[in-house]
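Participant: Protein chains in written order, with numbering that gives the first Met the number 0: chain A, 0 to 696; chain B, 0 to 250.
Just so you know, not all the hints are guaranteed correct.
Simulated crosslink set (DSSO-like; lysine-lysine; CA at most 30 Å straight-line) [what the hints assert, rightly or not]:
id : chain 1 : residue 1 : chain 2 : residue 2
1  : A       : K655      : B       : K241
2  : B       : K165      : B       : K241
3  : A       : K74       : A       : K49
4  : A       : K662      : B       : K210
5  : A       : K560      : A       : K637
6  : A       : K493      : A       : K655
7  : A       : K654      : B       : K241
8  : A       : K49       : A       : K273
9  : B       : K210      : A       : K586
10 : A       : K71       : A       : K27
11 : A       : K654      : A       : K586
12 : A       : K71       : A       : K49
13 : A       : K655      : A       : K560
14 : B       : K242      : B       : K224
15 : A       : K654      : B       : K224
Bear in mind the hints are in silico, worked out from the structure with no lab data behind them.
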Amino acid sequence: MRALVSTNYTQAVDYLRAVTAAEPAVAKLSPPLREARIFAQILHQLPIGKIQGEILAGDYGMIFADNDFRRKAEKQPSVASLPTTATTTPDPFDELNLNFNCRTTIDPAHSTACYDLLVEQGLTGMIAELEAEKEQADPERQEYLAAEIMTLRAVCAWSERYAALGFDVCRRVPAQSPRTFQEAVQAIWLVHTAIGIGEKSYYSLSLGRIDQYLYPFYRADRDHGIAEEQLAATLTDLFLKLNRYGDASCAINLGGVSHKGKDLFNDLTRLIVKTATQLQLPAPLLAAHIHPGLSRDDFDLLTVPELFRIGQPSFYGEYACRKALIQRGVPEAEVHRWSVNSCMGLMMPGEEFSDMWGIVFTFQLPLELALNRGRPFQSALPFQLQTVCPERYDGTAAIIRTMLAYAEELIVRLIVRHRQINEQQGRSNPDPYLSALLRGGTLGRDRLLGGPRYHTVNVDTFALVNAADALTAIEQAVFRNRRWTLSELLAAAKNNFAGQEILRRELLSYPKYGNGDPAADGMARELAQCFAAIIRRHSDRDLIYMPSFHTLHAHVHAGSKWGASLDGRLAGEPFAKNVGPTQGRNKNGITGVLNSAAAIGQEFFYGGQALDLYIEAGLLDNPSSRCKLQDALQTYFKLGGLQVQVNGVSIEDLKKAMAEPEKYADLTVRIGGYSARFVDLAPDDQRQMIKRFEHHT
Amino acid sequence: MTTGIVFDIREFAVHDGPGIRTTVFLKGCPLHCSWCHNPEGQSSVPQVISGAGASRVAGVEYTAQALAAILNRQVAVLQANEGGVTFSGGEPLRQANFVAEVIDLLEEIHILLDTSGYGSESAMNLLLARVSMVFFDLKLIDREAHRHFTGCDNDCILRNLAVLGKSGVPFVVRVPLVPGVTDTDANLAAVAETVRGLTGLLRVDLLPYNKAAGGKYRAAGMEFKPCFDEARPLNINTGIFKKANLEVHVL
């Protein structure tokens with residue numbers, strides 16, 4: 000398949016970067032001019048070519064290199080894609096990350112450029128704007144603007160190289176504004192893929208509201224009699240390229256609501272969905288904006304087994320997400336333009352640098368500090384903290400107060416550190432190209448130093464749900480029922496509950512987040528709201544730190560670093576994933592999960608978070624059941640949930656459930672006329688069912 | 000304080016009535032249908048279910064207040080989708096007082112009773128006064144065949160069906176299609192004849208038998224002894240119902 004063609008582009012880019020950076024004339028330049036020169040040189044010399052059958056220009060990499068280039072590139076040692084940020088050793092923050100999964104970094108890429116401006120003005124128009132700004136800027140910004148202009152011109156020149164290969168469309172775009180759908184897609188692809196080169200990272204570069212800013216071109220072409228199949232072929236080409244370069248986390252938004260309340264799901268949106276359904280490829284990520292006005296027919300397009308099998312699409316509550324964005328400071332009059340950034344971030348496209356993993360914080364740490372007289376259960380903190388820990392507690396309220404004090408002290412340290420490395424990175428590792436494509440702040444400033452209108456930094460919070468469940472258990476076992484002392488619980492947890500299975504079972508028996516239980520959900524909400532308030536206190540307009548439950552799949556790795564916890568979790572077991580419950584803690588099905596997740600008050604966790612729902616894939620075969628799933632999603636969003644990722648039950652899940660039944664107590668399968676818990680079935684029957692799934696999928 | 004035994008609460012039960020529903024399975028059933036898919040619902044006392052490696056107790060005693068509190072927590076999700084709560088089993092009529100008390104404590108929500116109809120007329124009336132819809136499982140019309148395959152005659156079932164028909168509560172008749180037992184043309188014609196003309200009948204649902212029932216028996220420590228030929232092809236004859244001007248669905 001064409002998408003699977005490997006062009007080995009990173010080796011070619013890295014080689015050119017290394018040789019250009021080593022040139023004495025380049026090395027002595029100021030960082031913005033140096034980076035611009037390197038960027039331009041890479042595009043000038045990058046081996047380019049045409050893959051058979053491709054309509055769009057923009058393929059590059061070692062497969063197009065001549066022998067001389069190949070020989071030289073292969074001799075070149077590979078270079079790290081991103082310069083390290085550490086300036087001192089040993090660094091206590093490294094230790095904090097290693098032992099406690101609390102860290103800070105500058106996470107590049109993750110951005111959506113101002114593609115609406117690009118298709119309106121072309122790069123030439125954008126360059127003219129920068130030239131005009133340069134006339135009146137101070138010397139520092141003049142230099143930066145010169146670097147930005149150099150990068151945009153480099154992309155125009157790169158396009159000319161493709162024109163010379165026979166791609167006539169590249170004589171016009173992206174330099175000039177496009178006139179047709181194909182020209183517009185071509186312009187976007189060249190500008191988009193070059194961001195990975197400028198950022199030295201291809202991760203999670205997204206295309207924003209593509210079905211909106213490309214719709215006028217689609218409509219005009221269709222009105223001029225161009226067949227839908229021809230436009231679909233262009234779209235197919237774009238999607239194949241997205242799978243060939245970068246990672247799979249390029250989000251494309253689908254639909255939405257205009258500022259006047261009009262449903263924006265249009266014919267191009269439908270074509271995008273149909274094309275992605277047909278291709279069955281990981282990229283792009285389809286981010287569907289769901290709102291009450293979305294028609295049943297369009298919702299049906301989004302809820303088909305073919306998409307669910309590949310984990311697509313992700314569903315976003317249009318109005319819940321707007322509410323969250325308004326909380327973080329986006330003006331109400333503009334919020335309808337919001338977009339999904341990569342796998343779950345909410346952002347304002349073309350105006351925002353999203354530092355998606357800027358801070359990672361694991362709530363297990365402040366809980367242990369509060370319970371254990373200021374010391375983690377295992378390992379020692381790399382620095383002294385000021386918070387005073389009481390010798391004893393007479394209730395969970397005091398534990399929560401102490402825990403939050405520790406959390407705030409740790410968060411402040413991480414934020415201070417983040418601000419330092421952000422400044423340092425902005426100065427030493429600027430990216431004038433991406434900065435030229437993110438607008439709304441100060442023209443001529445780097446994307447980390449005030450160039451874009453918004454600079455957001457996610458505080459990805461792990462194990463908050465586990466901490467809440469632990470506190471609910473402590474409340475009941477220690478303070479209400481007085482069955483155990485706090486010291487006994489601590490001793491058991493530190494020893495991974497060895498010989499204390501009865502105690503652990505009791506901890507597991509107390510209410511858990513994920514079942515719509517008011518006590519457990521109330522505890523999670525209290526912690527979440529207090530923690531969000533802490534983060535807000537240390538945020539400002541220059542750097543917006545955003546609370547988030549985003550864990551992706553890293554909850555497994557994070558859990559592996561930690562010993563047992565007082566929610567009954569054993570050492571090394573995963574923490575809760577995203578805003579969902581810890582695996583196996585939901586008892587009866589998804590209604591409780593939806594209720595719990597909505598009860599958190601997600602609008603204050605405006606960094607965004609997914610809720611993972613696992614359903615039997617066969618549910619979608621029946622129109623009535625499909626409607627019910629759609630209704631459940633609408634309800635969750637109405638209650639304030641931001642994002643849902645629906646997972647059809649897979650063969651892999653069934654096999655894992657056979658191997659570890661305790662972890663899959665809630666896995667439900669439908670057997671003809673009835674549903675059963677998979678783990679209740681005898682092994683032979685389970686094997687039968689797996690065979691059946693294998694047969695059907 | 001009334002208490003009841005529940006063997007399962009399943010959320011997002013999409014096949015148990017309109018909208019998004021939570022289904023409460025009441026433990027204990029007077030019938031012992033040879034094809035029963037919920038064998039853990041037959042006994043009225045808690046029992047251990049042993050699956051592949053994991054065991055759990057099926058059967059928890061709830062007070063009406065406790066069960067209503069659990070269900071009321073979900074009202075926001077259930078109400079928004081015109082869904083609600085389904086009481087199934089086992090046989091809910093057997094715990095009618097408990098079910099009635101739970102319903103009285105629930106917030107405004109759609110209630111569906113999924114019953115075999117086997118119970119007293121007073122139990123049926125007690126619940127019909129409180130529910131929005133009924134799924135009525137009708138298996139065999141022949142009295143002796145009913146006794147042979149379910150362990151009980153169907154006198155009170157047919158009586159309760161008539162009570163339901165006069166109550167004004169909308170209902171669906173559900174017929175499990177068991178090969179050679181309930182799927183015969185004679186039985187299906189008798190079912191059609193029995194239900195035709197009943198006020199409130201929305202449609203007839205035919206539920207084809209599934210061979211996987213045996214697994215749940217083994218997990219519940221019970222022996223699965225179907226007194227019919229599982230391998231025999233099913234006779235899914237919807238024509239009989241259509242001919243009687245009845246809407247029929249095959250699930």
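Participant: Assess, step by step, whether the Cα of K655/A is no farther than 30 Å from the Cα of K560/A, and give holds or violated.
Facilitator: This hinted pair holds, its Cα atoms lying about 22 Å apart.
Participant: Would you check the hint for K242/B and K224/B, treating anything up to 30 Å between C-alpha atoms as holding?
Facilitator: With Cα atoms ~35 Å apart, K242/B and K224/B exceed 30 Å; violated.
Participant: Starting from K654/A, check that the Cα of K241/B is at most 30 Å away, please.
Facilitator: Violated. K654/A to K241/B sits at ~43 Å, over the 30 Å cutoff.
Participant: Does the alpha-carbon distance linking K49/A and K273/A stay inside the 30 Å limit?
Facilitator: holds, 26 Å
Participant: Is K662/A within 30 Å of K210/B, Cα to Cα?
Facilitator: Within the cut-off at roughly 27 Å; holds.
Participant: Given the proposed pairing of K210/B with K586/A, does the C-alpha separation stay at or below 30 Å?
Facilitator: holds, 27 Å
Participant: Can you confirm whether the C-alpha distance between K654/A and K586/A stays at or below 30 Å?
Facilitator: holds, 20 Å
Participant: Is the hinted pair K71/A and K27/A satisfied, with a Cα-Cα distance of at most 30 Å?
Facilitator: holds, 24 Å
Participant: Between K71/A and K49/A, is the straight-line Cα distance small enough, at 30 Å or below?
Facilitator: Cα-Cα ~22 Å, so holds.
Participant: Check whether the Cα positions of K560/A and K637/A lie no farther apart than 30 Å.
Facilitator: violated, 37 Å
Participant: Going straight from one Cα to the other, do K74/A and K49/A come out at no more than 30 Å?
Facilitator: Given that 30 Å is the threshold and the Cα spacing comes to 26 Å, the pair holds.
Participant: Straight-line Cα separation of K165/B and K241/B no greater than 30 Å?
Facilitator: holds, 23 Å
In summary, the numbered hints that this structure violates are 1, 5, 7 and 14.
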